[in-house]
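Going line by line, the protein sequences match chains A and B.
Just so you know, we're using UniProt numbering here: the first sequence kicks off at 1 and counts up by one.
Just so you know, we're using UniProt numbering here: the second sequence kicks off at 1 and counts up by one.
Keep in mind the hints are simulated off the structure, nothing from the lab.
Mixed in with the good hints there might be a few duds.
Quick partial rundown of chain A residues pointing at chain B, CB under 10 angstroms, derived from the structure [said to hold, decoys possible]:
#1 T92
#2 P192
#3 D253
A short list of chain A residues far from chain B (calculated; beta carbon distances all over 12 angstroms) [unchecked claim]:
#4 D51
#5 A95
#6 M96
#7 D99
#8 R113
#9 P149
#10 D206
#11 Q221
#12 P231
Covered stretches of chain B (chain A as the covering partner; in silico rule of three or more C-beta atoms under 8 angstroms from a C-beta of chain A) [stated by the list, open to error]:
#13 187–200
#14 317–330
Even glycine gets a Cβ: it sits at the ideal position worked out from N, Cα and C.
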Amino acid sequence: MRHLLDTAALGRDDVEELLDLTDAFVEVSARSVPKVPALRGRTVASLFFEDSTRTRLSFETAAKRLSADTMTFSVSSSSVNKGESLRDTALTIEAMGVDAVVVRHRCSGAPHRVASWIDASVVNGGDGWHDHPTQGLLDAYTLRSRLGPLDGCRVAVVGDVKHSRVARADVHALTALGARVTLVAPPTLLPPSLAGWPVEVSHDLDAVLGDVDCVALLRMQRERMTEALVPSLREYTSRFGLTAARARRLGPDVVVMHPGPMNRGVEIAPEVADDPRAVIVDQVRNGVAVRMAVLFRLLGAEARPVAEAADLTGRAGAEGAAPDPPRTGRSPRTPEPAEVPRG
Amino acid sequence: MAESLVLKGGRVLDATGERTADVVVVDGRIAAVGADLDADRTLDAGGCVVAPGLVDLHAHLRQPGREEAETVESGSRCAALGGFTAVVAMPNTTPAIDSAAVVREVQDLGRTALCAVHPSGAITVDRAGEVLAPMGEMADLGVRLFTDDGTGVQDDLLMRRAMEYAVGLPHDVVLAQHCENGRLAAGGHMHEGEWSSRLGIAGQPHAAEEAMVARDIALARLTGARIHMQHMSTAGSVAMIAEARASGLAVSAEATPHHMLLTHAECASFDPVFKVNPPLRTAADVDAVRAGVVAGTLDVIATDHAPHTQDTKDEPFDQAPPGMLGLEFALGVALAVLDLPLAEVLARMSWRPAAVVGLEDQGGPVEAGRPANLCVIDPAASWTVEPGATASRSRNIPYVGRTLTGRVRHTISAGEPVVVDGAAQR
Numbered sequence: 001m002r003h004l005l006d007t008a009a010l011g012r013d014d015v016e017e018l019l020d021l022t023d024a025f026v027e028v029s030a031r032s033v034p035k036v037p038a039l040r041g042r043t044v045a046s047l048f049f050e051d052s053t054r055t056r057l058s059f060e061t062a063a064k065r066l067s068a069d070t071m072t073f074s075v076s077s078s079s080v081n082k083g084e085s086l087r088d089t090a091l092t093i094e095a096m097g098v099d100a101v102v103v104r105h106r107c108s109g110a111p112h113r114v115a116s117w118i119d120a121s122v123v124n125g126g127d128g129w130h131d132h133p134t135q136g137l138l139d140a141y142t143l144r145s146r147l148g149p150l151d152g153c154r155v156a157v158v159g160d161v162k163h164s165r166v167a168r169a170d171v172h173a174l175t176a177l178g179a180r181v182t183l184v185a186p187p188t189l190l191p192p193s194l195a196g197w198p199v200e201v202s203h204d205l206d207a208v209l210g211d212v213d214c215v216a217l218l219r220m221q222r223e224r225m226t227e228a229l230v231p232s233l234r235e236y237t238s239r240f241g242l243t244a245a246r247a248r249r250l251g252p253d254v255v256v257m258h259p260g261p262m263n264r265g266v267e268i269a270p271e272v273a274d275d276p277r278a279v280i281v282d283q284v285r286n287g288v289a290v291r292m293a294v295l296f297r298l299l300g301a302e303a304r305p306v307a308e309a310a311d312l313t314g315r316a317g318a319e320g321a322a323p324d325p326p327r328t329g330r331s332p333r334t335p336e337p338a339e340v341p342r343g
Numbered sequence: 001m002a003e004s005l006v007l008k009g010g011r012v013l014d015a016t017g018e019r020t021a022d023v024v025v026v027d028g029r030i031a032a033v034g035a036d037l038d039a040d041r042t043l044d045a046g047g048c049v050v051a052p053g054l055v056d057l058h059a060h061l062r063q064p065g066r067e068e069a070e071t072v073e074s075g076s077r078c079a080a081l082g083g084f085t086a087v088v089a090m091p092n093t094t095p096a097i098d099s100a101a102v103v104r105e106v107q108d109l110g111r112t113a114l115c116a117v118h119p120s121g122a123i124t125v126d127r128a129g130e131v132l133a134p135m136g137e138m139a140d141l142g143v144r145l146f147t148d149d150g151t152g153v154q155d156d157l158l159m160r161r162a163m164e165y166a167v168g169l170p171h172d173v174v175l176a177q178h179c180e181n182g183r184l185a186a187g188g189h190m191h192e193g194e195w196s197s198r199l200g201i202a203g204q205p206h207a208a209e210e211a212m213v214a215r216d217i218a219l220a221r222l223t224g225a226r227i228h229m230q231h232m233s234t235a236g237s238v239a240m241i242a243e244a245r246a247s248g249l250a251v252s253a254e255a256t257p258h259h260m261l262l263t264h265a266e267c268a269s270f271d272p273v274f275k276v277n278p279p280l281r282t283a284a285d286v287d288a289v290r291a292g293v294v295a296g297t298l299d300v301i302a303t304d305h306a307p308h309t310q311d312t313k314d315e316p317f318d319q320a321p322p323g324m325l326g327l328e329f330a331l332g333v334a335l336a337v338l339d340l341p342l343a344e345v346l347a348r349m350s351w352r353p354a355a356v357v358g359l360e361d362q363g364g365p366v367e368a369g370r371p372a373n374l375c376v377i378d379p380a381a382s383w384t385v386e387p388g389a390t391a392s393r394s395r396n397i398p399y400v401g402r403t404l405t406g407r408v409r410h411t412i413s414a415g416e417p418v419v420v421d422g423a424a425q426r
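Okay, chain A solo, but in the shape it has when bound (with noise of 0.2 angstroms):
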């Protein structure tokens, strides 16, 4: 694997052996000292066109605990506000030595573009309302951690899956594992094709939450409202909002997640939000370690298995927690400590 770009891309043993490889990051990132000398002497740019504090710190936060030097090119300060094309921006930030480059842009498919013209690694770092390969990868990963394997599971994406690249990274991601993704949204809210997706539709939340495993909730942009795509905000919490009075109707194993940031009281209730099925904050933590993932598997990993990959992590003898624990019956992917030599 050279880059990351697309979840679609990704078949079932790319993701399984992704997030099996997050497991020792997980347990890295949860060390006294979370770093390992995994990536050590290679530089990882974030080149973010859009802001995004957290995926960009998500990134940055990976790639120095896997002892990579990091740089950021931040839009706000850069040549492209000069009239720098997006192609010369790129062979910059290459010239300067980088064997990763996280692209974040907010027209879809500016992370392939890139890839098309350097030779060093890409990530999407979300891009448009394309895809967001690591969120996906990170739900996956939070929810087979809360629930086991995710074969038969069934998963309700409930919102505005039109704009959102977490919502197909989701899909792709989810599916890939066997889960069983459900769209949940009005149909001004969905793209207006789904030939060739593996989902099924519903415009009725209501009708979908006595039969689900996890809720995964989008966030609803106030400008929608000026696009007519909804009347109101009012209207579009009472149908497809996650409120207080429909949480209750979750099994207390039901997992629901938010990729953030949060409308609390639009999309998901306050009260719900600090339940503790929901997830949210443990999908920020995984984000890192399944960011650490991608960046070895792209830089430290190629064409090595996964077990001798704990070399380079330096599992072995490592203190501090183990991954999140299972709440339900289903046993999780928790993997066994490498016997290897400490480092």
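Following the hints, complete the assembly by docking chain B onto the known chain A.
Showing chain B alone in chain A's frame:
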């Protein structure tokens, strides 16, 4: 007396039929058509078809204003290489061709071009869709096609007035429309459908085009104006035009080479070379456009040659400008994808477009006394498009790697051999 030229050994093909004959050109005109003719200079036409030069009703030559992408001269060189002896230059230049002064400027630039260059005029001032442009003044200078191409005229009443006014002009003009309802297109960058959904790119639905096609047909029926629908891309549009023509309405319509060949699946690469407006549609639409051309509903094949510099295409799909090169590839695409005799393809690329804009010295029969605007085509040639294989100042070729059918060997424009053996002569 100027050097005489003979196109020797070819099959002459025009609207009157086909025959084997040599064609002698002297002083810009066809001097003789017959067997065993000789002249000062001979161009081999063996195995080839000698036909009236092609006429493109839809070329963006970018001058004035965006000479880095194309000039009248470089665009005309592309045209000549593609077998065109006349092009109608679109008015979305900077400034727009919306006044007699800019018409004259483009006409002046065209005097040294490698083919005839006929500026079109904008329907509204600055193509802003608010105030009618001085169509009469432009028509007095020879402009016969008016369009705000790049955007359709959104205001229904203003379009009605434009049609009514055009009917009253002393010249026979045609109002051409880029049919795109701006609100329904709503910032879409590709066709709205399966691929836009997968790629997360805002799309333009079929209805964005079809709504304006329907409106303009209704207005043409109301006003009696002659209208020309540019670059039709949907099956629904083709059906509406067929119905309108069947009812006797004076409506002509274009198909572009790219809408006859490429689908929206090309956009999966996110490469903006496949971004065009109207967008590449579904396979069913491509089939309908081809069928519309075969049936004669879409009676003109026009290129929508739209050069853009590499740096403007080196941007994300959303941000790159729409448009692709076409002049050098149009005939090759048409012959590759259409199940039509060569004469029918030439009808849609030469004499029919010439008739739409009243170009009497173009597209006519190959006979003595006529202006010598000719192309010599090897219809059996098969060639693969190479990157950068264009005389354009731009490089946005969507056909790289594709094998096309039929190639232009020579082009004679106003008697001058501007392309000989596939090479531009200046």
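Claimed clearance of chain B by R113/A, with the beta carbon kept past 12 angstroms: Given that some Cβ of chain B is not farther than 12 angstroms from that of R113/A, nearest at about 6 angstroms, it is violated.
Check the non-interface label on P149/A: least C-beta distance to chain B beyond 12 angstroms or not. Since the minimum Cβ distance to chain B is about 27 angstroms, P149/A lies beyond 12 angstroms and the statement holds.
Can you verify the interface hint for P192/A: is its Cβ closer than 10 angstroms to any Cβ in chain B? This interface hint holds because 5 angstroms falls under the 10 angstroms limit.
Are there three or more residues in the segment 187–200 of chain B whose C-beta lies within less than 8 angstroms of some C-beta in chain A? holds (count 8)
For D51/A, which was marked as not at the interface, is the minimum beta-carbon distance to chain B over 12 angstroms? holds (17 angstroms)
With d taken as the least Cβ-Cβ distance between D206/A and chain B, does d exceed 12 angstroms? holds (26 angstroms)
Outcome, coverage of the segment 317–330 of chain B by chain A - at least 3 residues whose beta-carbon is closer than 8 angstroms to one in that chain: With 3 residues close enough to chain A, the hint holds.
A95/A: least C-beta distance to chain B exceeds 12 angstroms? Check passes; 16 angstroms lies beyond 12 angstroms.
Measuring Cβ to Cβ, find out whether Q221/A lies farther than 12 angstroms from everything in chain B. holds (14 angstroms)
Next item in the hint list is D253/A. Is there a CB on chain B closer than 10 angstroms to its CB? Nearest chain B Cβ about 32 angstroms off; hint violated.
Using the nearest Cβ pair, does T92/A come within less than 10 angstroms of chain B? Violated, about 13 angstroms.
Checking a non-interface call: every C-beta of chain B should be farther than 12 angstroms from the C-beta of D99/A. Is that right? holds (23 angstroms)
In summary, the numbered hints that this structure violates are 1, 3, 8.
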